[in-house]
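Student: Spelled out, the chains give:
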Amino acid sequence: MRFTFDEDQREYQRVLRDYLAQHCPTTELRALWDDERGRSPQRWAQLAELGAIGLAAPTALGGMGLDDVALLLPLEEAGRAALPEPLGAVAAVAVPLLSELAVGDEWVERAAAGTAMPIVGFGAGPRVADAHVADVLLLGAGSELYAVDPTDVVLTRRLSLDPTRRLFDVAWQPGAGGELLAAGNGVVDALKRAQDRSAVALAAELLGVTAQLLDMAEAYARERQQFGKPIGAFQAIKHLLADALVGLAFARPVVYRAAASLADGAATASRDASMAKAFASDAATAAGKAALQIHGATGYTWEHDLSIWLKRAQALSLASGDARFHRERVARAVLTAA
Amino acid sequence: MTTATRDSIDLRPSDAETAFRAEVRTWLAEHVPGRALASMDTKEGFDEHREWERTLHRGGLSVVAWPQAYGGRGVDLLSWLAFEEEYYAAGSPGRLNQNGIFLLGPTLLEHGSDAQRARFLPPMAAGDEVWAQGWSEPNAGSDMAAIRTRARRDGDDWVVSGSKIWVSRGSYADWMFGLVRTDPESERHRGLTFMLIPLDADGVTVRPIGQLDGHSGFAEVFLDDVRVPLGQVVGEPGAGWSIAMATAGFERGLLLRSPGRFLAAAQRLIALLNERGRPGDSYVRDRVTRAWMNAEAHRLYAQWTVSHVLEGQKVGAEASLNKIFWSELDIDLHETALELLGDDAELVSAWTDGYLFSLAGPIYAGTNQIQRNIIADRVLRLPRS
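Here the protein sequences line up with chains A and B, keeping their order. Under this note's numbering, the residues of the first sequence are numbered 34 to 371, in order. Under this note's numbering, the residues of the second sequence are numbered 1218 to 1602, in order.
Just so you know, these hints were derived from the structure itself, not from any lab. Any given hint might turn out to be false.
Interface residues of chain A toward chain B, partial, derived using beta-carbon atoms under 8 Å [claimed, not checked]:
hint: 1; residue: 35
hint: 2; residue: 36
hint: 3; residue: 39
hint: 4; residue: 42
hint: 5; residue: 44
hint: 6; residue: 47
hint: 7; residue: 51
hint: 8; residue: 102
hint: 9; residue: 265
hint: 10; residue: 266
hint: 11; residue: 272
hint: 12; residue: 283
hint: 13; residue: 289
hint: 14; residue: 290
hint: 15; residue: 363
hint: 16; residue: 364
Where is the CB? At the ideal position from N, CA and C, for every residue including glycine.
Isolated chain B (complex conformation) (with noise of 0.2 Å):
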């Protein structure tokens, strides 16, 4: 009984998202490295990445739902789902300018003036300058408005002082975004403003971070009169609070954590459980079944999100549900992973390095608490703590 057309829910593709999709599948299984790279947390392997970035925008596939003015192909982010899924499926290397092609570039894309958008996104889109983010502070992490990195304005430049902390890819990048405080004598979420720093001007000092699996990928980055000229701020000085919330919201909602990651990972514990799962254990069937339901539900919803962002909508502090359900999800996913693996969850594998990341996700991004304080207090409007 198929019905012709149906004017509200039709989750049929379009014949453009099957093409495309057909054509980065096509791509895909001709690029991508038949082995895994080195983890882009070391020398070696962030430049083999950078090598892969380059590789992807040759292809015109890096940001496929940019503007192609910027390097993108100007898809709509139905394709580009459509596109995550196929990039993972195809066991594609992680994508190393992530804090830059899904945060600050629809930032930039957002609230950017035409200026930064030619300078800063085309080489973002060929890897050629990658990017970590600067949020954190040493006594700011949670709490992110009690940032205390300044600067002063002196002539054409801002002169930054101050320090970052748990600043992603901060080890090897090239740049990095964040907030400082410009109003010294601003409080809390008033006086901030959003900065494009780069990591090799003078006064730049990095000291990498090594995280549960060995490797910096995280940084503490130290400013000391650093020169960021006044072409560099994105959006008004002091206005950088509403900016990186917007940034935030890519990072919690659709963007950073697509649902093809995990999808793909689903079908990989689905392998697992065929390959090692004990006939009759139904404990450990009905777990993995639940995650591969939680990655499809995460698809589900994303598509929800972007055929309602297509329609006008925006997506506010919702991102902050999805953030929980995501973090969530890939935890049970490699947790089940564990114990079908029995005594040999304890050796070395590519499961045990997605579970000790996948840790990392309620604290990344605004912790899970956080999200929680968000939800109820911008969805639910209930009184504030």
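Same shape as in the complex, but just chain A (with noise of 0.2 Å):
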């Protein structure tokens, strides 16, 4: 047993963290608020070049071949960074989908190159975040699997509370067009498990959002002058900051486990991701207030940056179940097993 990430995931994950700060400044996801599209091609072309696409892609399809441990620190990364760009989505959810079913290859190959975005929904009428910069849409009802042109459905934004998600709802059924990718109760479990992993992904996002949130107010404690003092020097601004990071600090092994489980196949597979998001939203929802009140009206404030992470941490805490569904989901596998 084993529960440490090696010296390679955390080279990589220095190669992207210092790719994003300088590739994608809050000056970048400002402007793109006021685009209808919101998305950068050209970063996420990047992307693909550092590998980070297709890092669960087979390597027969040009993807590095690892498993959902490998995207945790990438997708903490792109948390941190508040990245536009569908990185989750893409590479923790729909490449993996297509590879375990082994269908759609071209889809898991061009992913993996950057040079299309497959993204999953869920049943029918789903919403689907990013929808509208899909190449394909994956669209999964029951035991079937299809494979949608967006362009053949109609897409109906709605407005996120966060400005940089990008939301629509997918005027979609079974048997109203597209390819039929899969079928059969594989095709079930495979949904399952990519819901499994939506939320997980989510989750690993939220602890680079929320590690953010606490490093700024950190920041500011310790330049904010008061009474003659930073505020950092405060008990009540030091105890609010203590809270928070043993949220985030509880958060990360429950996250990082359920992506080994996912990744093992684990029984408990979807009892540990439902675990995740719910410890994830939890710790991102609580450090976004703390966040907000130490830096008082100036975090308020449309020009200050912290509204970004803290817009962020309430959207994806809420994507894809908040807390109480996850629990609620725990509570059917651990209550009834006792």
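Build the complex: two chains, separate frames, hints provided.
Tutor: See below:
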């Protein structure tokens, strides 16, 4: 048993952090708010070049042949940078779904190369983030998985509280068109796993969002002076930050474990995924509130960048099931088993 | 989709750990007393618990992570975590000598001399010498550096005078470890020395103090010219503070409150829900789920920490994060049980005993407010207050 990241994974994390610090500045995040598309094709191509999108794709299709664990730290960095592009949805959900079912090789290959974005939607009339930039929508219902051309369906934009998000209701139901990619019991299970993967990917991203919120609050507490000293010298501020850090510290191993459970096909994978999403959501919303309180009125302004991560924490903690939803899933697994 | 091996995170236990866990489970099933022992904070219960420690030791399971030379099994800390899970899942008695085996023992392994390890570890492992801890004084609680108990050098002895309070297990223990001021000119953290003091020595007076449950789980210990040989100083005289912080790190971090204890309590809580919960009471159901999730998160955090320790990292001030988490988890877990019990929550039971004890969690081993200060100052490195 080993519960640490290895040096290669940490090094790759540093590479991505440096890249995103340079190529995903908040000025550009803000510029994209007013852009209908709101996504940067250049950055996506560069992330593909860095290998991030094909981490879990088979090597025969141009990927790295790794698993859910390898995606954890890259997704954390995506959260830390508030990356607008759908790294989790493509690299951690769509690519493993297609790879697992051994269908749509062409989409996997193009995804890893950064030349196409496959994005998954669940059920009839699904709400799908980033459907507008998808090259193919992988829509699953019951025991069938369809490849749907996004230009063949009506996408209705829904406004998220997070101006970086692009949410769409997709007017599609089974039988309403698209190419049948796979069918059978295997698809039912694969779609369940894809939903679990979606929860874990969001949880990993939320860890990065939480870390960034705490870093900003900590920096501000050091720099902002009141009563003749930095506000970080006051216990009221210290204790807010300490409690938020407890939340992050205990969410991390929970999220990491969930990725290992998915990769290993553990019997508890769904339970572990839900536990991860619940912990990461709670840690992020708590850190957001603490960070806002520490910034005071400054943090409440449109101009201050804190709002980028504050809203991201809120949006992602609600996406793919909020903490309460996932606790109920844990309850069904744990309470009846006793 | 099972991958063969992974270089980094792989939570599947090793074959050695699985075999050790099975051995522990079998032994416990045969040896754990069928009835609850009397409270270890009564004379009768103290003796019963000492007997149990001796039984554990005969089974080779009292200090599994210690080297074999001192009565341990030499297993790694991951296997120790597995031991703790099995230990509490089997409903085993509380550990009478926890101050010794989990706090002083590791301190001696790291900072003691060979002679001290040879003298003190074997009887500690066997339950023949039970230890109390002597940190606080009437005027040095959260402000522990305000310690005034002092010692002067006289030949081959230190001569100690002063008093220690809230001495856990102090009422019936054989020995006490703690800090005393050996440099009369010193202030605060400097000039303190880590000493091992026999509680049957001349000049020692023990006044038991009743706790909320009426039993004397702690005591005030008066020291009046007590002679302590030089060989009973751990580390260098005057360097006691940093050694005490290492001991406190064990207490707040991994060792004193291992995950097994809370996992077992969470399972009892689930059983209580199944027995007493009202169908459709989603509020209590959610609280029970939270309690289980927190106990499980504590287990994962411990595995995460141990795995980093095994790769050579030190547990520093991060131990304070853990202390806040387990103490709050323990209270929450017991409060949830009381909600389930309804009117019966007022009646004396294992749950009410556990609840009262959980209330001490945010106080002992350094209050949670002190822990938050430590996190802010030493993990986040915020400006000092």
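Student: Hints first: check each against the structure and report whether it holds.
Tutor: Status of each hint after checking the structure:
1. 35: holds (5 Å)
2. 36: holds (4 Å)
3. 39: It holds, given that the least Cβ distance between residue 39 of chain A and chain B is near 4 Å, below 8 Å.
4. 42: holds (6 Å)
5. 44: Where the cut-off is 8 Å and the nearest Cβ of chain B is about 12 Å from residue 44 of chain A, the hint is violated.
6. 47: violated (15 Å)
7. 51: violated (21 Å)
8. 102: Holds, because the Cβ-Cβ distance from residue 102 of chain A to chain B comes to roughly 5 Å (cut-off 8 Å).
9. 265: holds (4 Å)
10. 266: Nearest chain B Cβ about 4 Å off; hint holds.
11. 272: holds (4 Å)
12. 283: Hint on residue 283 of chain A: holds, closest Cβ of chain B at ~5 Å, below 8 Å.
13. 289: With Cβ-Cβ at 6 Å, under 8 Å, it holds.
14. 290: holds (5 Å)
15. 363: holds (6 Å)
16. 364: Holds: closest Cβ of chain B sits about 4 Å from residue 364 of chain A, inside 8 Å.
Going through the hint list in order, the structure does not satisfy hints 5, 6, 7.
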